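Engineer: Just so you know, the sequences run in chain order A and B. Here the first sequence is numbered in the working numbering, starting from 1 and rising by one per residue. Here the second sequence is numbered in the working numbering, starting from 1 and rising by one per residue.
Treat the hints with caution; some may be incorrect.
[Said to hold, decoys possible] Calculated lysine-lysine pairs in the DSS-like style (CA-CA distance at most 30 Å, straight line):
(1) A/Lys231 - B/Lys451
(2) A/Lys21 - B/Lys562
(3) B/Lys570 - B/Lys6
(4) B/Lys6 - A/Lys26
(5) A/Lys8 - A/Lys20
(6) B/Lys455 - A/Lys231
(7) A/Lys139 - A/Lys39
(8) A/Lys21 - A/Lys212
(9) B/Lys451 - B/Lys6
(10) A/Lys39 - B/Lys189
Because the hints were derived from the structure by calculation, they are not lab data. For clarity, every value in this text was computed on a predicted model and none was experimentally measured.
Listed below, chain by chain, are the residues.
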Amino acid sequence: MYDFAYHKPKSVADAAAAVKKASDGKLMSGGMTLIPTLKQRLAHPSDVVDLAGVSDLVGIKVDATGVTIGAMTKHADVASSADVARAIPALAALAGGIGDRQVRNRGTIGGSVANNDPAADYPAALVALGATVTTNERKIAAEDFFKGMFETALKDGEIVTSVSFPTATKAAYMKFPNPASRYAMVGVFVAQTASGPRVAVTGAGPAVFRVKAMEEALAKSWSADAVANVKVPAEGLNSDIHASAEYRAHLVTVMAKRAVAAAG
Amino acid sequence: MSNVSKIGDRVHRKEDRRFLTGTGRYVDDLQLSRCTHAHFLRSPHAHARIKGIDTSKAAASAGVVAVFTGKDTADAKVGGLICGWVVKDKHGVPHKAPGHPAIALDTVRHVGDTVAMVIADTAANARDAADKIEVDYEVLPAIVDLTKALSAGAPQVHSDVPGNLCYDWELGDKAAVDAAFAKAAHVTKIDVVNNRLIPNAMEPRAAAAEYDRGTGNYTLHTTSQNPHVTRLVLSAFVLGIPEHKLRVIAPDVGGGFGSKIFIYAEETLCVWAAGKVGRSIKWTADRSESFMTDAHGRDHVTHAEIAMDKDGKFTGFRIDTIANMGAYLSTFATAVPTYLYGTLLAGQYTTPAIHVNVRAAFTHTTPVDAYRGAGRPEATYLVESIVSKAAREIGVDPAELRKRNFIAPTAFPYQTPVALTYDSGNYVPIIDEAMKLSDYAGFGARQSAAKAKGKLRGIGISSYIEACGLAPSAVVGSLGAGVGQWESAQLRFNPTGNVQVLTGSHSHGQGHETTFAQIVSDKLGVPMDQIEVVHGDTSQVPFGMGTYGSRSLAVGGSAIMKAADKIIAKGKKIAAHLMEAAEADIVFENGTFKVSGTDKNVPLAQAVFAAYVPHNYPIDKVEPGMDENAFYDPSNFTYPSGTQICEVEIDPDTGVVEIVHFVAVDDFGNIVNPMVVEGQVHGGIAQGVGQALMEAAAYDNATGQLLSGSYMDYTMPRADDLPSFTLGYKTTPCPHNPLGVKGCGEAGAIAAPAAVMNAVRDALAQVGAQDRIEMPATPQRVWAAINAR
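Looking at chain A on its own, in the form it has when it is part of the complex (with noise of 0.2 Å):
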């Protein structure tokens, strides 16, 4: 790990303007992603700004509408959440299914949405569901939001302070996980929302996307055996030593079918 100035603001404020002031500053929630890359030399920010003394981005909301997750909030109190699991059972599932039990202790739904690796398991749900990101200074929908392989429509020093869910009459979470890593290597999350079915993929591509020709024939019948023949082009989709994009194109639909059995 190479030397950097460390902070830790209590305020939304106070981290935006630090992170703002620095040469080449990077914000830090549970560090789950940074710290690995920081001790592997794979970074060299001149400030790390840490957000675990904002305690206003900690918290679970759940109304009548929907779930809405404060940015700091681990994984682990998402998945234990029995409001959560009330409100969008997927969505308690989907984080208790996040890493490990260390990682789901330490990493939070903002620093997942804010790194947007391709293979994370939020930006599925934030996607299918349809929500809002809500940073220090605007909205963002999701689909706005995920921009590609670990970017964002996120500017430089703009903090993301929760995620929005509207409620779904339906949902569920399906992950084929790598191997190795048992990171998704295809997620697929499948959703009966206000707006109609919606099935967002995450680990198959370099972002998170949804497959229109799925939601359109979950619209004429939601059913698996309606989503078992839409076939996926391989085409654009990653690949590597535990899968060609040939096999990831074959388990979107595998897992989709599954998802959409599991939602009911």
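Given chain A, put chain B in place with the hints provided.
Structural biologist: This is chain B only, laid out in the frame that chain A set:
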């Protein structure tokens, strides 16, 4: 007596208290005064010429004590790392042994090759400084694909090894094999890849070297399975420090699986540099370094054919293997695909004619050497894969075909056509027990039930033989080993009656502190808490050969038995004196010397006390003290055998293989501690399953980069990948060692790959894909096999 243990008791491990409470003491835990820290700059390229190195900025960096390059070690005449086993090729010519400098001189030959050593006051400063070394590389083409390494036009790894061929070796009677094939009723052919594995010991390799300027003595604390061998190699071959001036200590060591047998560049350089800079030097590998520089395992490609008569009796077996050596020869690399592989190709069968040809190739990859099983897993995977394939082809149940070809229990000692003489075994009761425990007969119904829910279920058998307890010095010497293979033991009683058991073997997870204490407790009647097993320090224990090849109990335990016999013999003389009886009338039972036929007795502790306080003592006939050592050199290898039966269920939609049942029935000879044996079998099976379904060191063919260089990409088996194992035992005691033991440390890893893959192939046979799958049978590969056209 309170807690005397018997051989065969399930005694809890004495060492677990410290391991489970975090009070073990590993190399990295050492706090040495004025200690410096080493960092090794590693090659980012698989093959490159070093046109220049500028270390001036690194040398001026904060806290730096010294920076050394290959030129410095060459100027100081630091010897190259050695390969300690000379394999002669089919013409009697010794293998090619290209130079292996501890720091690369002008060429790097694999990703992770050592380029420079930085020593600084802290590890962070050393690493910072290493970042400032400027190396001018001319990147050269690399060869990492084993199947092409020996082809014309392949990039050359060493200029003095034409065609990358280390040796071309053979064993067996080729003419007899050809004759058998000419008369064969059926021939089964197979091509298999034995995938390259990365050892992944829980504790990374580490070294801490001290130099005492007053005495000129060196001390190396290191993660070694064989500290005396490390000392011998560093002294006699590499550094020239006299053996009596170098102490090697391997304290608690967190797993080795073979990878810590070898003598590597890092500990060599730490010792050398400690003398050079006059300060202690410590180094602990990070996990990325472990992936790049711990000697890898396996890595064969093989074509084989087996000939059968009309009854399915094997009549001939021919094998052609290419084995990867990596970029340099690791310490015992040459022996693994030859004497530890070719000699096991008879398996449990009476195949009368076998011929194996092995070509060893250099590639631009991390050196390859012994890894849990070392050669025997490769042999077992091949033999058991082709036997099951043959059974399918001729339409005979694979268990039945095995039984038809098993060596009969009356045939021992059995001379195989590939050099070994099996000492004992009885294979049919083992496979019968495994079939019973796996409900082999009920498999058809389970397969149908699985099919009904869209799953492909398969069952696979692996009947292994292995040779362990390395072994008779004269035999291994005649095969090229540069060392003897006996073991030492010393029983050092203290005046108060407790005893230190010094062993030349080394425990790095095997539980010697318990099992060896059990042997002494059983044999001498000393309570377990009065026994301390000491190992791993060349200044404390007699010269010993260390732990590998499942040898410690069979060879080291036998040495302890010999030393205990000497204690009893001496004790009898003392007891006879104390009881005023004739020595011939003294018997030793349950820790007490008795005069036969009387109630007169002297407990061992009393005889020990008399030996140290010899006031009333036969001083004219017996020396004082109670301290006996023994060296044991066995007359043969030991031959554990067994059968594993694995049952899998494949999800054809995803290609995921689930192991639904796993049975292992072993003949390990007598068992000292069943609980420790179970642990060894469980761990071995887990590693075997890892090889079969998950693990693979992947290199990029174009660049030679290690693609599976972290746990993000190298798949280790985890608890939830494995079922609860069902274990069973059938015992034929080893006839030639005093404990009747055979060794259990590697059997699980030796047999499991074939058991799992035969099950996978059996499942895939339902869709005609049984010949399209190689290890590791990852979900992607299984899915691709099912969907290949």
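Engineer: I'd like to know which numbered hints this structure contradicts. Please list them from smallest to largest.
Structural biologist: 2, 4, 7, 8, 9, 10
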